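*Asks:* One letter stands for each residue in the lines below.
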Amino acid sequence: MITSIDLFTILPELILAVLGMALLMYGVFRGDKAVHSVSWLAVGAILITAIAISGQSDSGQVAFKGQFIVDQFSVFMKWLILLGSALAILMSLNYNEREGIQRFEYPVLILFATLGMLLMVSANDLMSLYVGLELQSLSLYVIAAFRRDSTKSSEAGLKYFVLGALSSGMLLYGASMIYGFAGTTQFDKLATLFTGPNADPGVGVIVGLVFLLAGLAFKVSAVPFHMWTPDVYEGAPTPVTAFFAVAPKIAAIALLVRTMVGPFGELFDQWQQIIIFISIASMLLGALAAIWQTNIKRLMAYSSIGHIGFALVGLAAGSEEGIRGIGVYMAIYLAMNIGTFCCILSMRRQGVMVEGISDLAGLARNQPMMAAALAIFMFSMAGIPPLAGFFGKLYVFMAAVNEGLYVLAIIGVLTSVIGAFYYLRIIKIMYFDEPAEAFDRSAGREVGTIMAVSGLFTLLFFVFPTPIVGAASKAAAVLFSAAG
Amino acid sequence: MIIQTIAFYAFAAVTVASAVMVISARNPVHSVLFLILAFFNAAGLFVLMGAEFIAMILVIVYVGAVAVLFLFVVMMLDINFVELRQGFLQYLPIGALVGLVLLAELVMIFGSWIVAPDSADRAASPTPLLTETANTNALGQILYTDYVYLFQVSGLILLVAMIGAIVLTLRSREGVKRQRIGAQISRSREDSVEIKHVEPGSGV
Chain B
59 MITSIDLFTI
69 LPELILAVLG
79 MALLMYGVFR
89 GDKAVHSVSW
99 LAVGAILITA
109 IAISGQSDSG
119 QVAFKGQFIV
129 DQFSVFMKWL
139 ILLGSALAIL
149 MSLNYNEREG
159 IQRFEYPVLI
169 LFATLGMLLM
179 VSANDLMSLY
189 VGLELQSLSL
199 YVIAAFRRDS
209 TKSSEAGLKY
219 FVLGALSSGM
229 LLYGASMIYG
239 FAGTTQFDKL
249 ATLFTGPNAD
259 PGVGVIVGLV
269 FLLAGLAFKV
279 SAVPFHMWTP
289 DVYEGAPTPV
299 TAFFAVAPKI
309 AAIALLVRTM
319 VGPFGELFDQ
329 WQQIIIFISI
339 ASMLLGALAA
349 IWQTNIKRLM
359 AYSSIGHIGF
369 ALVGLAAGSE
379 EGIRGIGVYM
389 AIYLAMNIGT
399 FCCILSMRRQ
409 GVMVEGISDL
419 AGLARNQPMM
429 AAALAIFMFS
439 MAGIPPLAGF
449 FGKLYVFMAA
459 VNEGLYVLAI
469 IGVLTSVIGA
479 FYYLRIIKIM
489 YFDEPAEAFD
499 RSAGREVGTI
509 MAVSGLFTLL
519 FFVFPTPIVG
529 AASKAAAVLF
539 SAAG
Chain A
3 MIIQTIAFYA
13 FAAVTVASAV
23 MVISARNPVH
33 SVLFLILAFF
43 NAAGLFVLMG
53 AEFIAMILVI
63 VYVGAVAVLF
73 LFVVMMLDIN
83 FVELRQGFLQ
93 YLPIGALVGL
103 VLLAELVMIF
113 GSWIVAPDSA
123 DRAASPTPLL
133 TETANTNALG
143 QILYTDYVYL
153 FQVSGLILLV
163 AMIGAIVLTL
173 RSREGVKRQR
183 IGAQISRSRE
193 DSVEIKHVEP
203 GSGV
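Chains as they are written, first to last, in the numbering used here: chain B, 59 to 542; chain A, 3 to 206.
Excised from the complex, chain B in its bound form (with noise of 0.2 Å):
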């Protein structure tokens, strides 16, 4: 039976999801002329639900008999998530409009996307879990295909659907595993069995654990698992890839983070071995790899693998600094993140998008402004202080030589290193050499001024940092309080 603490502690989720088929009808009876009426208030309902959701109670409130989960980690991550989906929808209004995919599904199948986010997010059972995921990925897939005339984006939606009901099936067969030999898919019950002097897991839940940490790995991009991103990447419309490099890495990440600490933290030893391999195969690639591409929207594929590499570091540690860490840079990522999209999207020269790097050739004689937001963001994915992204990198790192973990934090930093040439190549581009024709200014207001304010944010982040690594540490903090 459904109570009121049920439903009190779904509020959020429950405005998000009527809201979203309010305006699905409101679409359907309006049409596509009511796309910008839709898109702003896709918007509004976000908003909405970010309110409901800072009217939360902090401490650890458990529903639907332990199914949903919502406590501070789950709020920090949600508003992460919020923002960016609110950020994509609003950068997809001008770019949507001079491509003619202007129609009202787009801002629907975002809000659906963040509905199922916000359940990983709060999955407390890996029946939840799965269903959250789902209900993200299927408005992914749809929306990675949007643009439906093109080949390249039908291609792109197809690879990502394919290869992501492989994970699915991957994630399944581990949780009907780990079902099937610890007889619960509940997180709490799952972590009180394998705490106690003679809890042993069994080698079935081991494998089971590996299937799942496999599915969650294709779902943040991390190599091996990441064979799909840069092709996806360079195919969906431009918004459609910003939206993709934050809101559901964010989510991912998040719903890894908590399935590893919480259920399975006791099993430490075993997943950890697991999360430094992928960590720094993750790193190296995506230093790597970035080196050859000519197309920016690629490039910033393996940029995502890389920072999700550096990102898995905090978790590989293990402890209540590493979460934070984690928090902190996936904070950071989406404000690099979406800076550096809107920067994209602001490459239009006589009405035609233009991708490659050579293109952005004299940028800073041309836009200066424009030149100097991408070069902030391009200084601080590198890691270069005193931008933000160099304190993204110093909290995961600072975490892993806490823990021991030098060769993983040494690795880290020399992949950065590394990574730091095709960054600075960017600026390079940019700044010395002979400049191609200007660009459109037609971006749009709504861009410029997320540009803007994510540069501010990215130059300014060590001035105070302290309402988001405060934040962060309070939703490490409630996961170890949980489960230790």
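Simulated from the structure, these hints should not be mistaken for laboratory data. Computed from a predicted model, the values in this text were never measured in an experiment. Just so you know, even glycine gets a beta-carbon here, dropped at the ideal spot from N, CA and C. Incorrect hints may have been included.
[Claimed, not checked] Examples of chain A residues toward chain B, derived with CB under 7 Å:
#, residue
1, I25
2, L145
3, T147
4, D148
5, Y151
6, V155
7, G166
8, L170
9, L172
[Stated by the list, open to error] One side of the interface only, derived from the structure: several residues of chain B facing chain A at Cβ under 8 Å:
#, residue
10, M59
11, I63
12, I109
13, S112
14, V120
15, F122
16, V166
17, F170
18, M185
19, V189
20, E192
21, V200
22, A203
23, R206
24, D417
Could you slot chain A onto chain B? The hints should help.
*Replies:* The following block gives chain A in isolation, referenced to the frame of chain B:
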């Protein structure tokens, strides 16, 4: 008891035989029809086990939807299956090798497999005894109460699937002739019938 045994062997034998026919029939349409036969007999086996819900789902989902879909695909796509099978023997040795390695690994894993002894006691919703309640009933009792959250989210997933199918395929085409029922039934006799007087012997 003897009837149950006979039924089991009948269902099992037909299942295995039709499964063999699925992969050996020359005509792909025959393969799909044998597949349907295999599904029906597997459903019979489930009924014998007392799992009538799975039996019903098997018939409704696999026979009703999946196999019919297969049949459509096989009939609509012009695939030459004989040609597809030509290189088959060439890959047999390597395929057999991979299969053997997998088998050896599975034997090794299952040989050292330990099931936590109390895992069945910890189940969140333990299966009630068959003598107490039928399993369709047992599923219905928890699906809309304990698992109402999962049920509703699954509904949302299906809604998204529907939106996705419409977004990606619906096109409003120009110049399509549609039926206008109002115009059709408001025609009067005078609009549409004209009487011509034809002179005998002259033709029209």
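*Asks:* Now tell me, hint by hint, if it's right for this structure.
*Replies:* Verification of the supplied hints:
{"no.": "1", "hint": "I25", "verdict": "23 Å, violated"}
{"no.": "2", "hint": "L145", "verdict": "12 Å, violated"}
{"no.": "3", "hint": "T147", "verdict": "6 Å, holds"}
{"no.": "4", "hint": "D148", "verdict": "5 Å, holds"}
{"no.": "5", "hint": "Y151", "verdict": "4 Å, holds"}
{"no.": "6", "hint": "V155", "verdict": "4 Å, holds"}
{"no.": "7", "hint": "G166", "verdict": "4 Å, holds"}
{"no.": "8", "hint": "L170", "verdict": "6 Å, holds"}
{"no.": "9", "hint": "L172", "verdict": "10 Å, violated"}
{"no.": "10", "hint": "M59", "verdict": "6 Å, holds"}
{"no.": "11", "hint": "I63", "verdict": "13 Å, violated"}
{"no.": "12", "hint": "I109", "verdict": "22 Å, violated"}
{"no.": "13", "hint": "S112", "verdict": "22 Å, violated"}
{"no.": "14", "hint": "V120", "verdict": "12 Å, violated"}
{"no.": "15", "hint": "F122", "verdict": "4 Å, holds"}
{"no.": "16", "hint": "V166", "verdict": "7 Å, holds"}
{"no.": "17", "hint": "F170", "verdict": "5 Å, holds"}
{"no.": "18", "hint": "M185", "verdict": "6 Å, holds"}
{"no.": "19", "hint": "V189", "verdict": "4 Å, holds"}
{"no.": "20", "hint": "E192", "verdict": "6 Å, holds"}
{"no.": "21", "hint": "V200", "verdict": "4 Å, holds"}
{"no.": "22", "hint": "A203", "verdict": "6 Å, holds"}
{"no.": "23", "hint": "R206", "verdict": "6 Å, holds"}
{"no.": "24", "hint": "D417", "verdict": "30 Å, violated"}
Of the numbered hints given earlier, the model fails hints 1, 2, 9, 11, 12, 13, 14, 24; all others are met.
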